[in-house]
Amino acid sequence: MKERGHQVQQMGEIYKHAEQVIFWLGQATYETNVIIDTLRQLQIESRRYVCKDWKLTDQRWLDVWMTAQSILKMKHADLIARQREGLRSLLDRSWFRRVWILQEVANARAALVYCGAKYVQARFLSLAPLLIGVIPETHCQAVLDILPGPARKDSWWGQSRDLYTLLRNFGRSEAQDERDMIYALLGMLSDTDKSDMLRPDYEKTAQELSLDVIHSLYFDKIDLEEMDSDEIDLDQNYLVPPNQLGPIRCLLPKLGALNKIALKRQIGSSQKENVSTILRRLDFELTGEMIMAATEHDTDRETMKTFRQKRRNAIKISEEILDDASQYLSRGKRLMELSSVPRR
Numbered sequence: 001m002k003e004r005g006h007q008v009q010q011m012g013e014i015y016k017h018a019e020q021v022i023f024w025l026g027q028a029t030y031e032t033n034v035i036i037d038t039l040r041q042l043q044i045e046s047r048r049y050v051c052k053d054w055k056l057t058d059q060r061w062l063d064v065w066m067t068a069q070s071i072l073k074m075k076h077a078d079l080i081a082r083q084r085e086g087l088r089s090l091l092d093r094s095w096f097r098r099v100w101i102l103q104e105v106a107n108a109r110a111a112l113v114y115c116g117a118k119y120v121q122a123r124f125l126s127l128a129p130l131l132i133g134v135i136p137e138t139h140c141q142a143v144l145d146i147l148p149g150p151a152r153k154d155s156w157w158g159q160s161r162d163l164y165t166l167l168r169n170f171g172r173s174e175a176q177d178e179r180d181m182i183y184a185l186l187g188m189l190s191d192t193d194k195s196d197m198l199r200p201d202y203e204k205t206a207q208e209l210s211l212d213v214i215h216s217l218y219f220d221k222i223d224l225e226e227m228d229s230d231e232i233d234l235d236q237n238y239l240v241p242p243n244q245l246g247p248i249r250c251l252l253p254k255l256g257a258l259n260k261i262a263l264k265r266q267i268g269s270s271q272k273e274n275v276s277t278i279l280r281r282l283d284f285e286l287t288g289e290m291i292m293a294a295t296e297h298d299t300d301r302e303t304m305k306t307f308r309q310k311r312r313n314a315i316k317i318s319e320e321i322l323d324d325a326s327q328y329l330s331r332g333k334r335l336m337e338l339s340s341v342p343r344r
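231 is the number that the UniProt record's numbering gives to position 231 of the sequence shown; each next residue is one higher, with no gaps.
Keep in mind that a hint or two might mislead.
What the hints assert, rightly or not - Here are the simulated lysine to aspartate or glutamate pairs, EDC-like style, with alpha carbons at most 20 angstroms apart:
hint	residue 1	residue 2
1	K16	D162
2	K16	D191
3	K260	D223
4	K254	D191
5	K264	D223
6	K194	D180
7	K194	D162
8	K153	D58
9	K73	E31
10	K153	D53
11	K194	E273
12	K254	D162
13	K16	D145
14	K118	E45
15	K55	E45
16	K75	D53
17	K73	D58
No lab work stands behind these hints, which were simulated from the structure alone.
Throw the hints in and build the complete structure from the sequences for me.
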């Protein structure tokens, strides 16, 4: 078990130092051959431009795309329909859902994507959905976002690589051992987000690991079994069939809701950085109860400053705050400044 944990810990470093990684998506079909041929033609045409740093949304890609399409139309009938069918087939491959491919993708400096005998540079697969007009499933899009190339630094990956963000993006991955849902992500964390609390340790049970994850993410011990079910709003995107449920799988749909519980607890502590960390997650709604707690404990106004910053960053602030403000005028100017949000 210790040897397995050590090997897992080294995987990320191995991929970081590889000159190039190969991703094999499986056997080819006629339609997947069409889409790989398409992206290869796009790759060939792009050599006429200095496009290494173009963003995915750069309009110049459309010019390159139109040139490639004009050539491909002479080779394939019903080109656009076959391209879309081929891309959907690629994105539906089990490769995208396997949790252990994530370290390969995230740490690779360069990569080739193979389907059957045909291949293309990974960066052009990231471009395909935008150019062809296919909307990937959320988890699949997150994988495309971290493929080697400009898309990686311009996506959410370039902004935040903490465990909470990774779980929100890749929580629907597949793993035979549910502990790997956590351990596979540890090699993707930014250096500032690595913690001694969480290291690959297969001597720990999934239940023990889930408690460590909760403590790491929410700075406290929260027993999910003791909590009132009304307190937890399950995220439907992460629900799985009952026969697949385990401690880690049970935790994932509750990640967002646990922010509210953790925030209430941390507001009353002296750990202002913990409050800031939770608020930066931007995926839950501030309520009047949270604001009331902040006014009682925020002697140095640091928490209120963070609340205001979060509001500027498009946090959801409920109508409840405005209603509470009218009832708590005696709380003073600090509350009213925060609560003076125009009603929609």
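Hints, one by one, checked against the model:
Straight-line distance between C-alpha atoms of K16 and D162 comes to about 18 angstroms, which keeps the hinted pair within the 20 angstroms bound. As the CA atoms of K16 and D191 are separated by approximately 14 angstroms, the hinted pair is consistent with the 20 angstroms bound. Our distance criterion of 20 angstroms between C-alpha atoms is met by K260 and D223, whose separation comes to about 15 angstroms. Only pairs whose Cα atoms come within 20 angstroms are accepted, and K254 paired with D191 is rejected, the gap being roughly 26 angstroms.
Of the supplied pair hints, the one linking K264 and D223 holds, its CA atoms being roughly 15 angstroms apart against a limit of 20 angstroms. Our distance criterion of 20 angstroms between C-alpha atoms is met by K194 and D180, whose separation comes to about 17 angstroms. A distance of roughly 8 angstroms separates the Cα atoms of K194 and D162; the hinted pair therefore holds under the 20 angstroms criterion. Between K153 and D58, the direct Cα distance comes to roughly 15 angstroms. Compliance with the 20 angstroms bound is thereby established for this hinted pair.
With a C-alpha separation of about 14 angstroms, the suggested pair K73 and E31 falls inside the 20 angstroms cut-off, and the hint holds. A C-alpha spacing of about 10 angstroms is found between K153 and D53, which places the hinted pair at or below 20 angstroms, so the restraint holds. Taking the CA atoms of K194 and E273, the gap is about 16 angstroms. The hint holds against a cut of 20 angstroms. The straight-line distance between the Cα atoms of K254 and D162 is roughly 17 angstroms, inside the 20 angstroms bound, and the hint therefore holds.
At roughly 17 angstroms between alpha-carbon atoms, K16 and D145 fall within 20 angstroms of each other, so this suggested pair holds. For the hint pairing K118 with E45, the CA-to-CA distance comes to about 18 angstroms; that is within 20 angstroms, so the pair holds. With a C-alpha separation of about 17 angstroms, the suggested pairing of K55 with E45 holds against the 20 angstroms cut-off. Restraint check for K75 and D53: not satisfied, since their Cα atoms lie roughly 30 angstroms apart, outside the 20 angstroms limit.
Between K73 and D58 the alpha-carbon distance is near 24 angstroms, which puts this suggested pair outside the 20 angstroms criterion.
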